[in-house]
Amino acid sequence: MRSVQALAVAALSVLAISDISRAAEPKSGGIFRIYHRDSPGSASIHEGATYSVNVPFMPIFNNLVIFDQHIAQNSASTIRPELAESWAWSGDNKTLTFKLRKDVKWHDGKPFTSADVKCTFDMLMGKSPQKFRQNPRKSWYEQVDEVTTNGDYEASFKLKRPQPALLSLLASGYSPVYPCHVSPAEMRTKPIGTGPFKFVEFKANESIKLTKNPDYFKKGLPYLDGIEFTIIPNRSTAILGFVSGKFDMTFPTEVSIPLLKDVKSQDPKAVCVVEPNNVSTNIIINSTAPPFDNLDIRRALALALDRKAFIQIMFEGQGDIGGTMEPAPDGLWAMPKDMLESIPGYGPDVEKNREEARKLMQKAGYGPDKHLQIKVSTRNIAVYRDPAIILIDQIKSIYIDAELDVVDTAQWFPKIARKDYSLGLNLTGNAVDEPDQSFYENYACGSERNYTNYCNKDIEKLFDQQSEETNLDKRKKLVWEIDKKLQEDVARPIIFHARTGTCWKPYVKNVTIMSNSSYNGYRYEDVWLDK
Amino acid sequence: MFAYIVRRLFLMLVTLFGISVIIFVLLRVVPGNIVDILFDAAGFVDPADKANLERELGLSQPIVIQYLHWIGGLLHGDLGYSYVSEKPALEEILPRIPITARLAGLALLFSASIGIPLGVISAVHQGSKLDYALRVVSLSGLSLPSFWLGLLILMASVSLFGTMPIFNPNPKTWLEALSIYAVPAMAVGFRSAALTMRITRSSMLEILRQDYIRTARAKGASEASVNYHHALKNAVLPVITVIGIEAAFLIGGLIVTETVFNIPGIARFLVEALRWRDYPIVQNLVMFIAVVVVAVNFIVDMLYAAIDPRIRFGD
Numbered sequence: 001m002r003s004v005q006a007l008a009v010a011a012l013s014v015l016a017i018s019d020i021s022r023a024a025e026p027k028s029g030g031i032f033r034i035y036h037r038d039s040p041g042s043a044s045i046h047e048g049a050t051y052s053v054n055v056p057f058m059p060i061f062n063n064l065v066i067f068d069q070h071i072a073q074n075s076a077s078t079i080r081p082e083l084a085e086s087w088a089w090s091g092d093n094k095t096l097t098f099k100l101r102k103d104v105k106w107h108d109g110k111p112f113t114s115a116d117v118k119c120t121f122d123m124l125m126g127k128s129p130q131k132f133r134q135n136p137r138k139s140w141y142e143q144v145d146e147v148t149t150n151g152d153y154e155a156s157f158k159l160k161r162p163q164p165a166l167l168s169l170l171a172s173g174y175s176p177v178y179p180c181h182v183s184p185a186e187m188r189t190k191p192i193g194t195g196p197f198k199f200v201e202f203k204a205n206e207s208i209k210l211t212k213n214p215d216y217f218k219k220g221l222p223y224l225d226g227i228e229f230t231i232i233p234n235r236s237t238a239i240l241g242f243v244s245g246k247f248d249m250t251f252p253t254e255v256s257i258p259l260l261k262d263v264k265s266q267d268p269k270a271v272c273v274v275e276p277n278n279v280s281t282n283i284i285i286n287s288t289a290p291p292f293d294n295l296d297i298r299r300a301l302a303l304a305l306d307r308k309a310f311i312q313i314m315f316e317g318q319g320d321i322g323g324t325m326e327p328a329p330d331g332l333w334a335m336p337k338d339m340l341e342s343i344p345g346y347g348p349d350v351e352k353n354r355e356e357a358r359k360l361m362q363k364a365g366y367g368p369d370k371h372l373q374i375k376v377s378t379r380n381i382a383v384y385r386d387p388a389i390i391l392i393d394q395i396k397s398i399y400i401d402a403e404l405d406v407v408d409t410a411q412w413f414p415k416i417a418r419k420d421y422s423l424g425l426n427l428t429g430n431a432v433d434e435p436d437q438s439f440y441e442n443y444a445c446g447s448e449r450n451y452t453n454y455c456n457k458d459i460e461k462l463f464d465q466q467s468e469e470t471n472l473d474k475r476k477k478l479v480w481e482i483d484k485k486l487q488e489d490v491a492r493p494i495i496f497h498a499r500t501g502t503c504w505k506p507y508v509k510n511v512t513i514m515s516n517s518s519y520n521g522y523r524y525e526d527v528w529l530d531k
Numbered sequence: 001m002f003a004y005i006v007r008r009l010f011l012m013l014v015t016l017f018g019i020s021v022i023i024f025v026l027l028r029v030v031p032g033n034i035v036d037i038l039f040d041a042a043g044f045v046d047p048a049d050k051a052n053l054e055r056e057l058g059l060s061q062p063i064v065i066q067y068l069h070w071i072g073g074l075l076h077g078d079l080g081y082s083y084v085s086e087k088p089a090l091e092e093i094l095p096r097i098p099i100t101a102r103l104a105g106l107a108l109l110f111s112a113s114i115g116i117p118l119g120v121i122s123a124v125h126q127g128s129k130l131d132y133a134l135r136v137v138s139l140s141g142l143s144l145p146s147f148w149l150g151l152l153i154l155m156a157s158v159s160l161f162g163t164m165p166i167f168n169p170n171p172k173t174w175l176e177a178l179s180i181y182a183v184p185a186m187a188v189g190f191r192s193a194a195l196t197m198r199i200t201r202s203s204m205l206e207i208l209r210q211d212y213i214r215t216a217r218a219k220g221a222s223e224a225s226v227n228y229h230h231a232l233k234n235a236v237l238p239v240i241t242v243i244g245i246e247a248a249f250l251i252g253g254l255i256v257t258e259t260v261f262n263i264p265g266i267a268r269f270l271v272e273a274l275r276w277r278d279y280p281i282v283q284n285l286v287m288f289i290a291v292v293v294v295a296v297n298f299i300v301d302m303l304y305a306a307i308d309p310r311i312r313f314g315d
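Taken in sequence, the protein lines are chains H and L. Heads up: the first sequence is residues 1 to 531, going by this note's numbering. Heads up: the second sequence is residues 1 to 315, going by this note's numbering.
Just chain L, with the same shape it has in the complex:
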């Protein structure tokens, strides 16, 4: 097990190194840089001023030197300066992480707490009206784009209550704080919940047909014990995989949700930084997201062994 963990950690480092190179090169392959964008606002490009500004921002240096500067700084905790705000990149990124983390955490919580029980209910009542109804709900969750759902929620909120859950950094009441995060989390988590529900249902259906389930029933175990203790425990493995993948996918979903609900998290910030070709922000944010994704994958793999005693690593 220890050897496996060490090997995985080493692979994580190699993966992150590869990602850092890809991000760095891709960003510079995309046509245009911050200087083009700044001059775009002015309506013309003055070649001399452009060259001066590129020199000032270090963009005229060879790409390898630029990469080494970035990685060297990263290893010392120096993420560079945002080209746009001219503030340290760390100062720009750090306050936004908890906002997105809260939103993503709540969305995942919503996804698991709704998706898993409804998936079990749907499987247990296979072919019933309830099953059909739940399957329609899950299909709609997979079909509705989160930006559309978000806008519908906002419009309904304004129409019904005359207000809307728009982001406020200093909420006055706990209810306001909850609505600021919970409503967008539900909008973005609805799709994940639907997917979790479908995976739980199909996994449960497969398990419920196993011999040991029949044996448990024959021994007189209650339905609840059969479904939740014997079946769900074994059906949950693919669900954990899906939740792990969804955690990574969530960043993509959050870009739209953060934009619609005007939440100043890292997902929206990343899009804005890309628009400005603000390299220090983009490359550090993408690296951060990459670290999260790699770490989540690692945790999911470790969870397999914890949940299913048949799985052992390093053999």
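Bound-form chain H, shown alone:
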């Protein structure tokens, strides 16, 4: 009897092992069905500034280099070659040369060459006769003097000064190589790439369909026959669709913490992850006009924030407190905890901070009998409105009575640009966890996205210093120093960094959600369905 039992156990074990090994062996075929949160304005990644474009269209393209699609934390050490076989910096760190693959074809059959690399980056730098309708990341290539080619399979980026961060910027989902022979207008509607999937159709407000590229240069990939995105702006319908099995995965990083609980209760087998997405919720202050031209009032405002309360109310505790750079452990450049807590307003004793804030307000002429009346402007979108309401509640404690001023999306940036606000609540997303992208874009004097017009020439020198620094440890220390100064200057007080969820069915394999960017992890070339 015992031997029969042993035999049965052995047989079951063999079955189980064979099942595991079968599951581990990627299977080809199947359509990967994902719902999309909204209808992207176009299919052109270079002209977009929202990951609503990256998620469905990144599988069509390749970059010169790309962040490893299976390591959640993007960093210089996870950069892998893609259209480039290899890369090398010159001795003076001012030239970055890529040797290109020779076996790559565009989806229309034309060969990929170094001319395409030059074309793409010339267009991004505004040096090409062909222009993008809009070019939101032109500033990324500020330090690139020119892109040169040497034959069909070598391209070099010549820099004005060393900028080690350039490689990380090129590895972002925002940096695909475009074909020279296709116009920007066509790329907005019928994109052609070299990537694992070909474009089939994009029906606005309905669906986006991609099909397998059988000539993909990585042999054996992709595993999927195609990817279909169904556009469902209504979040409840979309989540119900996922739970009922209409979709294999939710839109990445779009499931809020309370909704995540619903998903897990209705579909306990669903695999769900919660990751930070490198988006900070912050306050923009018009320091050019009263009352916030007074540094004491700005400091009082920073001291009044109870960041933990924001995170608790909005994300049931699943969020992070930090400076400009994404907090550790997922953020690469975060200040150490003790350094962060030494910044006014970041200390754990909220009541003590507020007491200090009230003193500053009294110094500025306000008090229990004379409250400051202001408006808090923000976009008419829930993720903006909700924290704005909490902010209004919190600043009551320092004699500020604020009224919520919701602004239509079309009017938000024109309003900010003409300084028609005193306090605004804003969200800032970072495509790459990289100080060069964050500092220059949001805090450099004259930058288009420096909404508050904060300008500190001394800090700007530090921006350049860290940008040129090739020693990682030295650079980190410089970044911490800059971030601390930015918070102390109340340049754009950071309230919190959000975390969001993504769920997929257990048979979906090889999906990795990036933990320090929402823009870089959607190539999907080796995703497969175990069913």
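Hints are computed from structural coordinates only; laboratory data are not their basis. Check each hint, because a few of them may be wrong.
List time: in silico DSS-like cross-link candidates among lysine-lysine, alpha-carbon distance up to 27 Å [claimed, not checked]:
{"hint": "1", "chain 1": "H", "residue 1": "127", "chain 2": "H", "residue 2": "94"}
{"hint": "2", "chain 1": "H", "residue 1": "110", "chain 2": "L", "residue 2": "87"}
{"hint": "3", "chain 1": "L", "residue 1": "87", "chain 2": "H", "residue 2": "209"}
{"hint": "4", "chain 1": "H", "residue 1": "131", "chain 2": "H", "residue 2": "158"}
Given the structure is predicted, the values throughout are model-derived calculations rather than measurements.
Add chain L to chain H, keeping to what the hints say.
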């Protein structure tokens, strides 16, 4: 009659012209345009790039020239290009019309086929438990917002059957095809059915008290003949008016239903186009809806004469 029809057609043209001017002006009075929205995604506005794009899209031209371009194109069947998809507006609008038409048609059918019989039953059994029950149903139909009802249906469907009737352009079975349209049609048609039922009931109650009904009963006509042949025929006129108005109102109801059930019809498309300030799509779609509403009103007026011989036009 002919003179009346000609006069009505002329009035329809004047109405449509007025609507076209109002839509065109209102759209441009609303702050922000497509260029602002596109730059909003970029996170900043570059004045030079903005001016270039406005020039490219023809938005920098004087408003009168823009209007004449649009109307001129409309008369030649050229609806312009969508600013967002950069495809011809006609190509974007045409495939969506049958989807919404099917949904609206089914909703109206549901509304009439449920609302009228239940209204008659309720009136005939006035004061009975059945009447009270039907009145509660009709009140709930008027009170429940269609988006809420739609979500409840979806949740119940997932919970009970493990699936949901979400839109699929290529349904595999007729049952799937029916559920794709029938369930949302019921969700949006429930309110119309409730209203139709209440109007039918009150109209029937009024007619049932008329002398000629008493006469019909005295002559020995059966209850069914009295209720459906003599009473309903005369009570149906206000019901037709309500159904006509509901047909026009339905577009508003469909915006929510198409969003909840993710149906790519013109109502949801209109909202998205408005969000993007996609003028060519919005103004052509609103004109299309205006034509439908004006045409429905015209048809309802014509139906009056067909149903009630006492009504004559042009006198």
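Hint check results:
Using a Cα cut-off of 27 Å, the hinted pair residue 127 of chain H and residue 94 of chain H holds, with the two alpha carbons roughly 20 Å apart. Distance hint between residue 110 of chain H and residue 87 of chain L is fulfilled; the C-alpha atoms sit about 26 Å from each other, no more than 27 Å. A C-alpha spacing of about 17 Å is found between residue 87 of chain L and residue 209 of chain H, which places the hinted pair at or below 27 Å, so the restraint holds. A threshold of 27 Å between alpha carbons decides the hint, and for residue 131 of chain H with residue 158 of chain H the separation of about 22 Å falls inside it, so the pair holds.
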